[in-house]
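These protein sequence lines are chains A and B, in that order.
Reminder that position 9 of the first sequence reads as 9 in our numbering, one-by-one numbering, no gaps.
Reminder that position 64 of the second sequence reads as 64 in our numbering, one-by-one numbering, no gaps.
Wrong hints could be hidden among the right ones.
Listed next, the in silico DMTMM-like pairs over lysine to aspartate or glutamate satisfying Cα-Cα at most 20 Å (straight line) [to be verified]:
1) K81/B to D107/B
2) K39/A to D107/B
3) K42/A to D107/B
4) K39/A to E88/B
5) K64/B to D1/A
6) K64/B to E88/B
7) K42/A to D82/A
8) K43/B to E22/A
9) K42/A to E105/A
10) K5/B to E88/B
11) K103/A to E46/B
12) K43/B to E105/A
13) K107/A to D28/A
14) K42/A to E46/B
15) K64/B to D89/B
Output of the computed footprint for chain B on chain A, the stretches with three or more beta carbons under 8 Å from beta carbons of chain B [what the hints assert, rightly or not]:
16) 61 to 73
17) 91 to 100
Hints are computed from structural coordinates only; laboratory data are not their basis.
Glycine included, each C-beta is placed from N, C-alpha and C at the ideal position.
Given next are the chains, with one letter for each unit.
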Amino acid sequence: DIQMTQSPASLSASLGETVTIECRASEDIYNGLAWYQQKPGKSPQLLIYNANSLHTGVPSRFSGSGSGTQYSLKINSLQSEDVASYFCQQYYDYPYTFGAGTKLELK
Amino acid sequence: QVQLKESGPGLVQPSETLSLTCTVSGFSLTSNSVHWVRQPPGKGLEWMGIIRSGGSTDYNSALKSRLSISRDTSKSQVFLKMNSLQTEDTAIYYCTRSVYNSGTPFDYWGQGVMVTVSS
Chain A
1 DIQMTQSPAS LSASLGETVT IECRASEDIY NGLAWYQQKP GKSPQLLIYN ANSLHTGVPS
61 RFSGSGSGTQ YSLKINSLQS EDVASYFCQQ YYDYPYTFGA GTKLELK
Chain B
1 QVQLKESGPG LVQPSETLSL TCTVSGFSLT SNSVHWVRQP PGKGLEWMGI IRSGGSTDYN
61 SALKSRLSIS RDTSKSQVFL KMNSLQTEDT AIYYCTRSVY NSGTPFDYWG QGVMVTVSS
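With the hints as extra help, turn the sequences into a complete structure.
In structure tokens:
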């Protein structure tokens, strides 16, 4: 199985700040990487797919980058509604696997 | 619009069988795949299995001996059955959609159903 190592586990940032979350795969996943946002009590929502493509309706302050085994999610100009947990997922090979998540809070 | 909704019992006895239903609308089960994903309280996400557009299935090897996924296309429903439940199976269970059988993420999720395994 492909292991996904996500960091940091938690993050505290101020409004307007830029934050970055990292995800490392245990082998090359050829950009088969998605990022999800999960707000408390809600189901995860797709933000980014194919490592760097923005899902429909997602604000442009979210962006993804990376290749091979290293990927990142960047949130520019942090807003209060961005407080959530974020998960990476590889869908290059079954079983699909997720990172452990990053909990983003406001400072 | 695309919607998925899980239903099933909120409480299951240890060693019993869990049966969940995912009712979908806005897309066809013969065109897209449906996956089950679970999340223990306060923890991460675990992919459980898939039923592909053609009806074939694939399971997480950690659950394969206990898990079965099936469907009724006439009712737009996907079913999950998992036996020999233990307390560590307590989780929110989600059904999700992917556009293709492989190589695509989960673009729509159900609201989830909380399942507690307890006597």
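Comparing the hints with the structure gives:
no.	hint	result
1	K81/B to D107/B	violated (23 Å)
2	K39/A to D107/B	holds (16 Å)
3	K42/A to D107/B	holds (15 Å)
4	K39/A to E88/B	violated (23 Å)
5	K64/B to D1/A	holds (14 Å)
6	K64/B to E88/B	holds (16 Å)
7	K42/A to D82/A	holds (13 Å)
8	K43/B to E22/A	holds (18 Å)
9	K42/A to E105/A	holds (16 Å)
10	K5/B to E88/B	violated (23 Å)
11	K103/A to E46/B	holds (17 Å)
12	K43/B to E105/A	holds (17 Å)
13	K107/A to D28/A	violated (35 Å)
14	K42/A to E46/B	holds (16 Å)
15	K64/B to D89/B	holds (14 Å)
16	61 to 73	violated (count 0)
17	91 to 100	holds (count 9)
Checked against the numbered hints above, the structure violates hints 1, 4, 10, 13 and 16; every other hint is satisfied.
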